[in-house]
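Student: The residues making up each chain are set out below.
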Amino acid sequence: MRKTWELIRPTFVLVLVCAVVSGLLALTYNLAGVAELANAAYTEEQLAEYAATALPQADRLELVEAESENEDLKFVYKAANGAGMAVVLDVKGYDSTPMAIMYGLDADGVMQGLTVISNNETPGIGKKVIEDAAYLAGYAGLTEADLNTAVDAVSGATKTSNGIRAGAQAAFEIFEELKGEVLGQ
Amino acid sequence: MDYLIPILLFVGLGLLAGVLLTVFSRVFAVEQDERAVQIREVLPGANCGACGYAGCDAYAEVVAGGARTNACIPGGDAVSRKVSAIMGTAFEDVVEQAAAVRCNGSCGVTGTRFAYAGEMSCAACSRLYGGQGSCPSGCIGLGDCVKVCPFGAIAVKDGVAVVDRSRCTGCGLCAAACPKGLIEVFDATQKVEVLCSSVLPARATMAACKAGCIGCKKCERACPSGAIHVQNNHAAIDHSKCTGCGICAEGCPTHCIQIL
Amino acid sequence: MSWSKEFFKGIIKENPTLVMLLGTCPTLAMTTQASNALGMGIATTFVLLGSCVVISLLKNVIPSQVRLPCYIVIIAGFVTLVSFLLQVYVPELYSVLGVFLSLITVNCIILGRAEAFASKNSVGHSAADALGMGVGFTLALLLVGSVREILGMGSWFGIDLTFGVLEPIPIFAMPAGGFMVFGLMVAVVNRLSHYQISRKKMGCAGCAGGCAACAGGCDAQSEKKEGND
Amino acid sequence: MTEMLAILFSAILVDNFVLSKFMGICPFIGVSKKTSSAFGMSVAVTFVMVMSTLLTWPINAYILVPADGSHDYGYLRTLTFILVIALFVQLVEILIKKFLPPLYKALGIYLPLITTNCAVLGVTILNIDSGYDLGQSLVNALGAGLGFMVALLMFSGVRERIERADVPKMFKGVPAALVAAGIVAASFAGFGGLVENLFG
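First to last, the protein sequences are chains A, B, C and D. Numbered by the numbering used here, the letters in the first sequence go through residues 1 to 185 in order. Numbered by the numbering used here, the letters in the second sequence go through residues 1 to 260 in order. Numbered by the numbering used here, the letters in the third sequence go through residues 1 to 229 in order. Numbered by the numbering used here, the letters in the fourth sequence go through residues 1 to 200 in order.
It is worth saying that the hints were derived from the structure and are not from the lab. We put the beta carbon where it would ideally sit given N, CA and C, even for glycine. Incorrect hints may appear among the rest.
[To be verified] Sample of chain B residues lacking proximity to chain D, with all beta carbon distances greater than 12 angstroms (derived): (1) 147; (2) 190; (3) 254.
[What the hints assert, rightly or not] To be clear about the criterion: a stretch of chain D counts as covered by chain B if any three or more of its residues have a C-beta under 8 angstroms from a C-beta of chain B, and this derived list gives those stretches: (4) 44-53; (5) 71-81.
Hey, can you work out the whole structure from these sequences and the hints?
Tutor: As structure tokens, then:
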């Protein structure tokens, strides 16, 4: 008996350690509700701050439960005074961590502006594009048709600027897809 | 449900890992002669080849197979005693060896023919007109020997390599690394050595280096045991005959024969 | 050794990053900004402390055949715990650390301390040693991070220092700058510690951070390896 | 097909795992003293990267985060992946020691180092983060391994040159190597626009 115990003891200890660690993790994950807390929607003040540049005409943004094939979509908001819709998307830039950008579109689908909520782009290059308010303001008043012509990529930071344009393209598509459900048009 | 799958997944992975590791380490165990592993632990690990084999691993296997236990010169008596203890054979003495640089051309006594600013290695420098030193067969002093010495027993002082014979184990790696072939490994107990290998005739040697051997044969005539002879314009000691009396050193006009 | 000695050795004499050259991956990746560097340092210290304590508690229970998998599972457990905490309480740091948060599991410092120290000493000493190493790592990260942020972005912890006059040098924020600043830091520490780094054959980095594989801790392995390197 | 090539090239040159993503720096400094050991390490790393991608991608796709969305255990990804990699490396080490002793003599000492290599775990996790399918993940892992090899071989050439250079005393050894790595990384930054223009 002694010999076989020596043989299976390592496996037994390893299984025990794995079980205990994974059990504890599952426990904390579910009890603390990490999933819900992690991607909790933004607070009221944050929404107001982001809406100021993305959808200026909106007085208040309300969260709308809406699904879209585009899995990059994180949240959809409706303007309380019916001024339009704001969508928050995960946008792939230069860094492996995607940027979170809110695009604001008015009732008939014309883009009003965008706000970069969080990003991990390279300082001095990607971040320079994001901090360049004049460049981002170029997106205001655009429709899907003239997206490719009106906005050009920033040389040296092509991945970041192309990423923002691709996000705007996705925002237009989501608007078409969800405008019935969200704005009741 | 949210707890079951993670725990089951990890218990499965842990089980798989444990079983595979135990099975693999049993079934695919490599039979290694236990003694070879112990011997390898004892050997210094310099892989110098002084034992005549391709390195410590090779020598460990051969000794486990029954080769002589005192071939490891760097290890000296200590390692030989441990190896013979592991093998259960009688302890055999090791003739300790030590190296010496047969040149004492420090900056004070000799100069350079040109300022070398290429790769800082003797091998590279010696390819350029025999090296920067005034004496073509002298020590270049860029430390190729220092780089290979696993025991830190050799250092370049004032432009010439000098061996600390107390730390030197006689592994011979420096002798192989020296492009000028100045380093000789001989019996550690020997005390006297000619610190010059100049092949130039007397007048040229004197011009190149104040401490060079000019081949005057004074030492050859004075040596009671006939251990020192001048060949190829410089004196050389036959260490099997040398008794270490040091008479040759006293008589040498340029003091290039020294007591180590 | 008394607890305080264990603690202080990790900060200066055996600083894991600048002297033993361990955990260089996060040191270069996370130091584009001082705040990120601080966040990474604290997260690593938490994981280091937790796993060293648990490993030294279990040191007699874990048989040697499965030593490596057990240690890695315990360390990865703590890393996942930290990622929960960060996800909920400090989401920006969570998104900035990104993949490097889970790479703390393979950080050479943690496995190195677990193998070389925690598995051989009492809980108290292991905790002190882990804390010392963690603080040493965080300070080193902070130092490199501050230099890179001040030179590369002209700010420190976000406070703009350029007064609109000085022009920041973007290369310091880029990977190339990371290598250079870290190299200069190690050179300065090398000079201050009287060339200990050049003489000591790069400590654990000599065995390429494979501390988990070192049988008898780093020195024995690097000596043996150095012989036939 | 061009998309696969784009992933391969960007993993080797543009987002090189060592020089721009900063993964695998410990062996990058520790093992690059000689080109022969650098090559041995790179071959071992590339092999382990591709094989561990082959093992970890299905676990994530079918057990942790199944496509039908029944549950999402993404939080266990780190734990599972590192356990699988550590197990795989230990088993391979035992097998090579038994069946290919000469290969073990040349590469064996590097295998245990790979478990603690940030690049290997990094590649498996980035495959999932960038949403690649199995084929793309394998190509990415191969690219990452080859990128590691390119960086390591180039750098070991530079290192051997530095050993003999007349470097100030305080920079001897690792500090000089790190500064040289900075210059090599700067040269790699030149590949920035390659993938976009080459593959459109």
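Student: Confirm or reject each hint.
Tutor: Outcome of the hint check:
Distance to chain D contradicts residue 147(B) as a non-interface residue, since its nearest Cβ pair spans about 8 angstroms, not more than 12 angstroms. For residue 190(B), the non-interface assignment is confirmed: its Cβ lies about 34 angstroms from the closest Cβ of chain D, beyond the 12 angstroms cut-off. Against the 12 angstroms criterion, residue 254(B) stays outside the reach of chain D, whose nearest CB is about 32 angstroms from its own CB. For a cut-off of 8 angstroms, the count of residues in the segment 44-53 of chain D with a CB near a CB of chain B stands at 0, and the three-residue condition is violated.
Using a Cβ-Cβ cut-off of 8 angstroms, 5 residues of the segment 71-81 of chain D lie near chain B, which meets the minimum of three, so the contact claim holds.
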